[in-house]
Amino acid sequence: MAWTWFHRLGSPPYIYGLAARLTPWFGWLAAVSIVGGLYGGLVLAPADYQQGDDFRIIYVHAPSAWMSLMVYSTMAISAGVGLIWRIKVSHAVAAACAPIGASFTFVALVTGSLWGYRMWGTYWEWDPRLTSELILLFLYLGYMGLRSAMDDMQRADRASAVLAVVGIVNVPIIHYSVLWWNSLHQAPSVMQLAAPTMPASMLIPLLLMFLGFTLMFAALLLVRLQAEILSRERTANWIREAVAS
Amino acid sequence: MSEFLNMGGYAAYVWPAYGLTLMVIVWNIIGARRLLARSREDARRRVQMRGEEA
Chain D
1 MAWTWFHRLG SPPYIYGLAA RLTPWFGWLA AVSIVGGLYG GLVLAPADYQ
51 QGDDFRIIYV HAPSAWMSLM VYSTMAISAG VGLIWRIKVS HAVAAACAPI
101 GASFTFVALV TGSLWGYRMW GTYWEWDPRL TSELILLFLY LGYMGLRSAM
151 DDMQRADRAS AVLAVVGIVN VPIIHYSVLW WNSLHQAPSV MQLAAPTMPA
201 SMLIPLLLMF LGFTLMFAAL LLVRLQAEIL SRERTANWIR EAVAS
Chain E
246 MSEFLNMGGY AAYVWPAYGL TLMVIVWNII GARRLLARSR EDARRRVQMR
296 GEEA
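Chains D and E are the protein sequences, given in the same order. Numbered as in this note's numbering, the first sequence ends at 245 without a single skipped number. Numbered as in this note's numbering, the second sequence ends at 299 without a single skipped number.
Hints were generated in silico from the structure; no laboratory data involved. Keep in mind that a hint or two might mislead.
[What the hints assert, rightly or not] Which residues of chain D face chain E? A few of them, derived with a C-beta cut under 10 Å, are:
no.	residue
1	L38
2	G40
3	V43
4	A219
[What the hints assert, rightly or not] Just a sample of chain D residues kept apart from chain E, beta carbon distances all over 10 Å, derived:
no.	residue
5	R21
6	A47
7	Q192
8	Q226
9	L230
10	A242
Cβ coordinates follow ideal geometry from the N, Cα and C atoms, glycine included.
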């Protein structure tokens with residue numbers, strides 16, 4: 001009896017309806033957090049005493065980089081669950097993650113490059129952090145390419161899931177690259193166990209941006225998930241009602 | 246205002262970073278909504294086809 005909620009999570013019509021109901025909540029909360037974070041980051045926070053106003057790139061760079069790792073982890077775990085327990089909805093979640101993750105990995109790389117140019121004197125360096133983040137982009141693109149190369153949805157789900165699961169080794173490498181190797185990139189100032197090394201006026205907008213981006217990921221994922229579920233459920237009767245309106 | 250836009254001399258780095266991020270957010274929103282609309286349309290067509298066969 002206690003397990004019925006768990007089984008419902010694997011039921012496509014239940015998830016489809018739930019996703020449709022939750023999307024606006026996540027979407028609007030994300031918008032409020034991001035607008036608040038942008039105002040705090042661009043207007044209220046003081047300029048950095050060493051970097052001047054250039055440091056404000058952090059408010060788009062760090063949340064994008066966080067997204068790139070969080071989305072990949074979500075994708076790999078869902079794909080793994082789909083592989084092991086053969087849950088269709090799980091594969092649908094993984095497939096829905098990929099374009100979102102790839103696009104924000106791209107943002108993290110480009111905004112990092114713009115920031116790095118003035119701080120390090122170069123747009124690009126084959127540095128451990130930068131290189132491993134670039135590999136993450138290729139993992140996303142490989143995952144999407146592999147999926148689109150296969151017509152059979154079940155085969156595409158399984159093959160791409162193996163790639164996603166294997167690729168997760170890159171996630172801790174990216175996170176710890178700045179500690180393990182001698183990197184140009186600074187060490188974490190927020191995503192660490194100790195207290196953040198930043199005053200509240202700079203930190204609070206950044207935390208709002210992290211929250212906003214995470215909520216935005218949820219909203220985008222839920223919309224894409226509905227589409228993925230519809231394309232997987234070719235014969236189910238509930239589809240008739242779901243698309244009747 | 247112009248002081249704000251100038252970003253302490255870093256305008257050429259700060260604003261492109263924000264501009265790109267905004268573009269990618271908009272692309273994500275439009276892309277996800279279009280994908281769902283297309284999937285709903287495809288599903289509706291499949292349902293109709295089956296209805297006509299029966």
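(message) Using the nearest Cβ pair, does A219(D) come within less than 10 Å of chain E?
(response) holds, 8 Å
(message) Minimum C-beta separation from R21(D) to chain E exceeding 10 Å: can you confirm that?
(response) At roughly 14 Å from the nearest Cβ of chain E, R21(D) sits farther out than 10 Å, so the non-interface label holds.
(message) A closest beta-carbon separation below 10 Å is what the hint needs, so does G40(D) meet it against chain E?
(response) Constraint on G40(D) not satisfied, violated at 14 Å.
(request) Just double-check Q226(D) for me: nearest Cβ-Cβ distance to chain E has to come out over 10 Å. (result) violated, 5 Å
(message) At 10 Å, judged by beta carbons, does A242(D) keep clear of chain E as stated?
(response) Violated: least Cβ distance 7 Å, not greater than 10 Å.
(message) Does L38(D) hold up as a contact with chain E if the rule is Cβ-Cβ below 10 Å?
(response) holds, 8 Å
(request) Compute the least Cβ-Cβ separation between Q192(D) and chain E, then decide whether it is above 10 Å. (result) At roughly 23 Å from the nearest Cβ of chain E, Q192(D) sits farther out than 10 Å, so the non-interface label holds.
(request) Double-check V43(D) for me: the hint is only fine if its C-beta lies closer than 10 Å to a C-beta in chain E. (result) Given a least distance of 8 Å, the restraint on V43(D) holds.
(request) With 10 Å as the threshold, tell me whether L230(D) passes as away from chain E on beta-carbon distances. (result) It is violated; L230(D) is separated from chain E by about 4 Å at its closest Cβ, not greater than 10 Å.
(request) May I ask you to check that A47(D) keeps its beta-carbon over 10 Å from the closest beta-carbon of chain E? (result) Answer for A47(D): violated, closest chain E Cβ roughly 6 Å.
The earlier numbered hints that this structure contradicts are 2, 6, 8, 9 and 10.
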